[in-house]
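Enquirer: These protein sequence lines are chains A and B, in that order. Under UniProt numbering, read the first sequence as residues 1 to 397, first letter to last. Under UniProt numbering, read the second sequence as residues 1 to 397, first letter to last.
Just so you know, these hints were derived from the structure itself, not from any lab. Wrong hints could be hidden among the right ones.
Unchecked claim - Here are a few chain B residues that face chain A, going by a calculated C-beta distance under 8 Å:
no., residue
1, Phe29
2, Gly65
3, Ile76
4, Ser274
5, Thr276
6, Ser279
7, Gly302
8, Gly321
9, Leu328
Backbone N, C-alpha and C define an ideal beta-carbon position, used for all residues, glycine too.
Residues per chain, in single letters:
Number of protein chains: 2
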Amino acid sequence: MHDLLLRNVRPMAGESCDILIRNGKIAGFGTFEADGAMPVEDGQGAIIAPGLIDAHTHLDKTTWGMPWHVNNRAAILRGRIDFERENRKQIGIDPHRQSMRHAIGLAANGASHIRSHVDIDTTHGLSLVEGIWQTRDALKGIIDIEIVAFPQSGVMVMPGTVELLDEALRQGCEVLGGIDPCGIDRDPKGQLDILFALAVKHGVDIDIHLHETGDLGAFTMELIFERIRANGMEGRVAISHAFALGMNDYLRVGKLIDEIARLDVAILTTGAPSATVPSIMRLKEAGVRVGGGCDGIQDTWGPWGQPDMLDRAKIIGMKNGLRSDIELAHVLHVVSQGGADVMRLKDYGLAIGCNADFTLLTGETLAHAVVDVAPRPMVVKGGRVVARQGKAIVEMP
Amino acid sequence: MHDLLLRNVRPMAGESCDILIRNGKIAGFGTFEADGAMPVEDGQGAIIAPGLIDAHTHLDKTTWGMPWHVNNRAAILRGRIDFERENRKQIGIDPHRQSMRHAIGLAANGASHIRSHVDIDTTHGLSLVEGIWQTRDALKGIIDIEIVAFPQSGVMVMPGTVELLDEALRQGCEVLGGIDPCGIDRDPKGQLDILFALAVKHGVDIDIHLHETGDLGAFTMELIFERIRANGMEGRVAISHAFALGMNDYLRVGKLIDEIARLDVAILTTGAPSATVPSIMRLKEAGVRVGGGCDGIQDTWGPWGQPDMLDRAKIIGMKNGLRSDIELAHVLHVVSQGGADVMRLKDYGLAIGCNADFTLLTGETLAHAVVDVAPRPMVVKGGRVVARQGKAIVEMP
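Construct the complete structure from the given sequences, taking the supplied hints into account.
Expert: Below is the structure:
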């Protein structure tokens, strides 16, 4: 781990100071003399924030840096899933190379941590997870990667998947994923009973994709709540997307949010502009842990997205109809501290004793930093400068 | 007007060719020898598209390039209008300087034409319009600007505004604007009767802001349709935003769109992520003219936006839930040819005899060009290179 004296930065857009870093940890804020051996960097008065967190992405899917993937297929969820599973190898989406590109892009744009769902299915077994593990090793000290064992193709409709999930958790995947127990799996009780049993067996958290909208998604949420209670998994379950919370029924959504807060369920949002999405301000009022994520970027599912959590912050902010400086500062919170809260990261933040993982931001205020489109001036991980002006110290393969 | 030999470009992502430009017009596509005097540029195989068009913006409002404008005011439409009107001078939003920044940014990012609503109210009279006229003169040959005389503060609720609109049209504003006849003016018959009478008197088109949602917006649309028929103004009215067309009532929206197509009403959309917006694909099927716009960028209303029609294309595409290459190519159409159709631009397009107004785009295909985030390699206006790599040949003041 590294020592560093970072001069003239403004923590969360506050007063300028120096930050002293010893052995990869924040040792002090103030004014410091450099000792001879210590590297010194000049922050030039930039805002400094803790590392951004992409708490919902898919490192194994992107075509970033590959030839443009033409997609004129029908936009049906099940069709997207099956096409990708059956064609990803032939298209050349190598999980290690592509996840390197994706993760390096995120680091270059200020991220320090990633939670990535990685597909596990009977076609690929654990080979995609293994590709991301290679990337995790290769990027040690640049960006941290947590892996969700993710049954993208379904659990009940894909016999053999349960055994693969079990093996993935045995081998060290940190979190268990799930997907649309009604919409994809056609058997909500079946999938959810299995997921909770596996999670309890391995002592891992759950993070379940829930694209189901309106009453259907609300029903599935209620099934999830029942199983959290039954298994004592309060504080250990996350719901990604949670489109049902964007339904146009204020009272119903309020009841769901009350339960979410009571059971300390975390919500991950991507601010999907064409979907019904949860209100991050309403969740904040209820005290719910909320993180943000890029989701898939430029993959066989769709063309959108960049490996940049500030780009995502803009999308989340605009989709939520936020305009005020106070609200925009909260968007920044969602893509940083919010993600850390969801992932239960230790020693995260801008305080003495925390890991020296942070990014400089352009702009005068936190709100300005969210809307500004300039590259991050500098990104630091464990006290080492890992990117400057949007360019990481490691090259994309 | 200028001559130019532009080598090695791909019109609309087709086969590479040279484009010969004589006197500011496209004289030929093929392979040409340069004569001695003619400037030659190498397009390096980039896609070439006609100039992008911002067909709905507000050049008089932005704080671009000024100190960050902190905004923690309540998000009420009437409040935003009144705050801006009463404070814009004190904040220092000089209409000429700020519209220069805004318009130069658009040109640098590939736009050749702007339709800008400009506030006309009893506090400022025509002074804001005059600032934009200065900008239009200063940027002649860089970007074309059309002005909508826009009663931002309302017509019926702001006595004296009608006379100012009348004067603005007399002095040469090309289009007459309007705003939420119910929501802002509280008198839909009053405002619309006056607008149509003024438009007929001056022989100008109408482009009316309609933020009204659901049944209210649909009602106002019907009032507009009645007056188009009564005044023979088929093909001469545009509705900006048209949020009512995003309401969740397929049949009702279908009937409105049928009328819109029948009366050749144009629709302008900004793809506002937090609003109900018209479906550009449904409007395309109905044969409706649809353009896109950045709307206000970083102003007292809100912090979002950039002077970049490809950034706006992304927002429109994501909000419309578009993913396929065919759909994305249509998004590009909306922010180029679509805007030209709305503004009835003459000699616009990539054909012999058309004005040599175009932009190079990065990417392999039109869809790729829409999602890519690189600066435009080169922008040409009237046969002259006016921007390279996102930087215009004129500096922002």
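Enquirer: A separate judgement is required for each hint: does it hold in the structure or not?
Expert: Now for the hints, and whether the structure bears them out:
1. Phe29: violated (24 Å)
2. Gly65: Cβ of Gly65 of chain B sits 12 Å from chain A, so the hint is violated.
3. Ile76: This hint is violated: Ile76 of chain B lies away from chain A, its Cβ roughly 11 Å from the closest one there, beyond 8 Å.
4. Ser274: holds (3 Å)
5. Thr276: violated (10 Å)
6. Ser279: It is violated, given that the least Cβ distance between Ser279 of chain B and chain A is near 10 Å, above 8 Å.
7. Gly302: holds (4 Å)
8. Gly321: Nearest chain A Cβ about 3 Å off; hint holds.
9. Leu328: At 6 Å from the nearest chain A Cβ, Leu328 of chain B passes the 8 Å test, so the hint holds.
Violated hints for the displayed structure, listed by number in ascending order: 1, 2, 3, 5 and 6.
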